[in-house]
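Engineer: Take the given structure of chain A and dock chains B and C to it, following the hints.
Chains as they are written, first to last, in my numbering: chain A, 1 to 420; chain B, 421 to 681; chain C, 682 to 1065.
Wrong hints could be hidden among the right ones.
[As the list claims (entries may be wrong)] Calculated cross-link-like contacts (lysine-lysine; reagent style PhoX-like; alpha-carbon spacing at most 25 Å):
(1) A:379 x C:813
(2) C:813 x C:769
(3) B:582 x A:75
(4) A:324 x C:811
(5) C:797 x A:158
(6) A:272 x A:230
(7) B:582 x A:74
(8) C:797 x A:163
(9) C:913 x A:163
(10) C:813 x A:147
(11) A:75 x B:655
(12) B:501 x B:680
(13) A:158 x C:811
(14) A:163 x A:267
(15) A:78 x B:582
(16) A:379 x C:707
(17) C:811 x C:825
(18) B:680 x A:75
(19) A:78 x B:634
(20) B:579 x B:644
(21) B:644 x B:664
(22) C:958 x A:158
(23) B:680 x C:689
Rather than coming from a laboratory, the hints here were simulated on the basis of the structure.
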Amino acid sequence: MSKELKVQSWRPLEEVQKLFRETFQSHIFRLLQLREKGKPVGWFWAGSPVELAYVFDVANIFPEQYTAFCAARKKSDKLIDAAIEYQYGEFTCDYLKCSVGSILNSEAAPLGGHCGLKPDFVLDSRMCCYGHHAMSEIFANLYTEVKRFIIDAPYWTKEMVGKVDFLTKMPERISEEELEFVIAQLWDLMHFLEEITGEKLDEEHMKRVFEVSEKTSRNLIEIANLMLSKPTPMSQMDYRDFPAIGFFITAADYALHFTEKSLEIIKERVKKKEGVVEEEKLRLMSQGIIPWYSELYKYYEERGVTFPLNLYVESTFYLIEASKPLESLLRRSMLPINCDIDAWIESVVRRAKLADVDGAIMFENIGCRPISFGLRALKEVLWQELGIPSIIVEAPQCDPRIMPLERAILKMNAFIESLL
Amino acid sequence: MYSIGIDVGSAYTKAVMLAAKDDSIDLIAYDVVPTRHDMRKGVLEVFEKTLKKGGISKEEVKGIVGTGYGGRIVQLELGGKFVSEITCHARGARYLYPKCRGVIDVGGQDSKAIKLDDEGRVISFEMNDKCAAGTGRFLELMSMVLDVSIDKLGEIYLKTEKKASITNTCAVFAQTEVVSLISQGTPREEIIAGLIDAFASRVAGLAKIVGLTKDVVISGGVAKNVGFVKALESKLGCELWVPKEPIIVGALGAAIISLKY
Amino acid sequence: MDSLTDVKRWFSKSNAINLAKELHVKGKKVFGLVSWSIPEEIVYAADVLPFRLFGNSYFIEKAHMYLPSWCCSYARSCLEEALNERFKWLDGVVASKLEDTCIALFYLLRHIMKPKFTYLLQVPVIKSEKGKEYFIKEIMRFEKVMEDFIGRTIFDEDLRRAIRVYNENRRLLKMIYEMRGKGHLPLRSAEVLDIVTSSMLIPKDEHSKLIKDLLDSVNKMRRREESGIEEKVRLHISGTEVLDPEVLQIIEDCGAVIVSDDLNTGTIYFWSEVDEKEDPYEALAEQYLLRGAPNILVTRQLSRGVDERIEYMRSLIEEFNAEGVIFLIDRGCEVLGHAYPHLRDNLRKLNIPSLRLDLDYPISREHYVTRVRAFIEMVRGKHV
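Only chain A is shown next, with the shape it has when bound in the complex:
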């Protein structure tokens, strides 16, 4: 590089990491407790009505989170190979290949495979993408005894919702037909959960669950906003733990605790104007699912390139409203990949301006169509609206073999050089 980026001392938030480990342990503890009580295990997808797992006290497993965990521990390649050997498409989502691999080759999978716990039911959701629906069908084929309950939501067009805030997933409006269709299905789902748990819906309990979820979700939003500060207060290596909270467990007490404590720590850093590195050289936006196995972010942060705005992480945050529980569940489907780009692009542009980013790195998650097929159009808009350039790096979220760190760095360096 012509202007060399010197390695600086890197300052991850070890306390946040420690808190996250504890949160994860609390979650596992909850699962074990529920299992002991004979509660059913349900598999849930991102963007689906995840609060209901807490409303009905079912053990909630998230295949996506489990596979991200496998990838981060470099245990994903054998699982992916098992799925391809079984002849699932090479270009299907990594989350599919890994979770199915953990069923087909459970010996090679962490935590005994089967995404951690075999399901009693699968919540099939088309609230985020077609892939989730198709994967649920696969689980129903591999576990023939397992009940698969489908919930469908529209692809939100601008005509239906007007503008949608990228971070809070608050739309200007929700068209009547869609509201009615999804809410009716949510009631059906609750009846299904009543049946499978053998317990009636406890409205008081539901209220409390949503109150926790709202508080957690507000904390996450505040954290996302603090991230835009200068210098960038937190490393992406820490921030990457937050989607697991936002997507899946906002309703858990331990998640609330985690976000409260993390928020305090980050606030403190922002107050002190302390960043992930001493001297920030460049600020980048990041889009696409994080390649969980990669240390790419760390490599660049150590060299003064920080990431104040991570669109993927923000897409996993919501504003949950305890006063409108069903509508909040419905809005889980308003994540950007299930919404017209014209509905949310304005809020992204606004946030990019606030974050004052110099450029964007986009991960093309091979196998993930909604993200990857939209990148190039987003790249055009960012250039036109903000004059910021982007680079696309092919990196499926779980398969470390496609884009080894060295190759990604080779590609990134040329881009970074052009920004300095």
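Structural biologist: For chains B and C alone, kept in the frame of chain A given last:
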């Protein structure tokens, strides 16, 4: 009566001559020549050579079957029938090992796994795709990158305990990985062992798809690579039957089939 | 009456496209459709021509700007056409939300072509009464948006007529398949594919006329010597959008005859009819969601979509005495990327042999011939 089977592969053209008398079939002669750019020449060459070795004249040959990528050239040049290499390999393997229930053939350009029923009929098969991973070409490329004679690879594998981890079986990506391992100072032997392991995994994948579990014959030139066979055996958890001349199994099958015509 | 060769030419893709363009020049509005799962009858009833978008070229150059190489060739080739300005003349683009690729393609086409009319139809993924109710409302909303665009009301009678016209075409296409299955059709399957795909490009009533002319000229011919068909292996083809007749040609050249399929460019498109007696909106929702050929993307609550599809395949295989199945799978196809292993396993349970061929363009003939020949030999169980 005499019959000849000719298997025109991407690397070699093979011919086998059989004599059938009453109920017995005897292998009279066989020959292997490199496949030429002009496939016809290779076909005629191997045909002549096999006739000569068997001491038989052209007129005495009653049946001819061509197989392999250039199998149709045989039909054009010498007449007879064209039968797919899957059927021919199955037939050849079954002749050599009457109890075999599966065949893995690793050729220069493709590899295949074939499952047979009790009667020796093909019940399913899989072939690898249009890429070099899992074919003889992969080992050839890697031996070039590592500057080791391809014949030595197997022995090196057997002698090397530690295997470098090669995560990619795509020939292009694997090459990048090999280069980076070399630059990291990984011993060449370990890289070779790692490559053979990765290669065997890929072929084992094919065998798993069709469900080969035991009584499996391995054919094709790569079957002579003792290291590869060992690696594949451990991946599949079963012993593989290696014919004395694994490269002529397809041509042998073609010759057996040609006895019918 | 023209000779059979001339008749066959009418169904060629280029001829069908030219016909659609001629109508457009004469003032007819034309909407490009990105999926087969859109109730076209509504479009037809509005006197707009539903024109299924197909790519023409498999040599992708410009589409790489927007879609990566692992995207299915259908979407990439469609986008390539749009970038080459070959869809510029269209008045609108309509897609369905069922598939993620389809949604992405819809937004890219909107971004590139900027057509006057666009609509993303919300087809539910769930087969249920609630799904149907919602779908009826969605069909009506689509109709309303279209009425606003064309500036006139679509009456029930328009819709009923459209349903009748479509049903007639479905019956005729079915007849073609039945004749082929019996060996009474002097056409190769590649030509039959042209007949089906051309029906997605030109007005259905005109297409029906063409089929009738074709059948006339077939009937006038001296009864075809049915040599060959008995000796050939009868195959069923499974897949999604198969557009290239060459693949089918190669399969039949290897000594097979294709007798049935469950392709989106085959029976899935036309096999069952819309109920003409019911309320038209309800009948359309029934057809496209519940009753029609099983859409692998749409599932009944607490059951498996693959089971329904397998049952559909099994019934066709039985009806047409197919001896084996060839799957034609685009490497980028998300739908079959998920479903294939389970379709394969279920066929195995039924003792139906199957072969998977990866569709990758440009077609490599040798690659297919080796596999198909081996498969045919396997199905025949010869040489043993």
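Engineer: For the pair supplied as a hint, residue 813 of chain C and residue 769 of chain C, is the alpha-carbon distance within the 25 Å limit?
Structural biologist: 34 Å, violated
Engineer: Regarding the pair residue 379 of chain A and residue 813 of chain C, is the alpha-carbon distance no greater than 25 Å?
Structural biologist: Since the Cα atoms of residue 379 of chain A and residue 813 of chain C sit roughly 38 Å apart, the hinted pair is violated (cutoff 25 Å).
Engineer: Going straight from one Cα to the other, do residue 324 of chain A and residue 811 of chain C come out at no more than 25 Å?
Structural biologist: Holds, at roughly 22 Å.
Engineer: If you draw a straight line from the CA of residue 958 of chain C to the CA of residue 158 of chain A, is it 25 Å or shorter?
Structural biologist: Given that 25 Å is the threshold and the Cα spacing comes to 36 Å, the pair is violated.
Engineer: Is residue 797 of chain C within 25 Å of residue 163 of chain A, Cα to Cα?
Structural biologist: 21 Å, holds
Engineer: Hint check: residue 582 of chain B vs residue 75 of chain A, CA-CA at most 25 Å. Holds or violated?
Structural biologist: 20 Å, holds
Engineer: Holds or violated: are the alpha carbons of residue 644 of chain B and residue 664 of chain B at most 25 Å from each other?
Structural biologist: OK: residue 644 of chain B and residue 664 of chain B at ~9 Å, within 25 Å.
Engineer: Residue 813 of chain C and residue 147 of chain A: Cα distance at most 25 Å?
Structural biologist: Holds, at roughly 22 Å.
Engineer: Just to be careful, I want the Cα atoms of residue 582 of chain B and residue 74 of chain A compared with a cutoff of 25 Å; is the pair within it?
Structural biologist: 20 Å, holds
Engineer: Between residue 75 of chain A and residue 655 of chain B, is the straight-line Cα distance small enough, at 25 Å or below?
Structural biologist: 19 Å, holds
Engineer: With a cut-off of 25 Å on the C-alpha distance, tell me whether residue 78 of chain A and residue 634 of chain B pass.
Structural biologist: Cα-Cα ~23 Å, so holds.
Engineer: Going straight from one Cα to the other, do residue 680 of chain B and residue 75 of chain A come out at no more than 25 Å?
Structural biologist: It is violated: about 53 Å lies between the C-alpha atoms, which goes past 25 Å.
In summary, the structure is inconsistent with hints 1, 2, 9, 14, 16, 18, 22 and 23 from the numbered list given earlier, while agreeing with the others.
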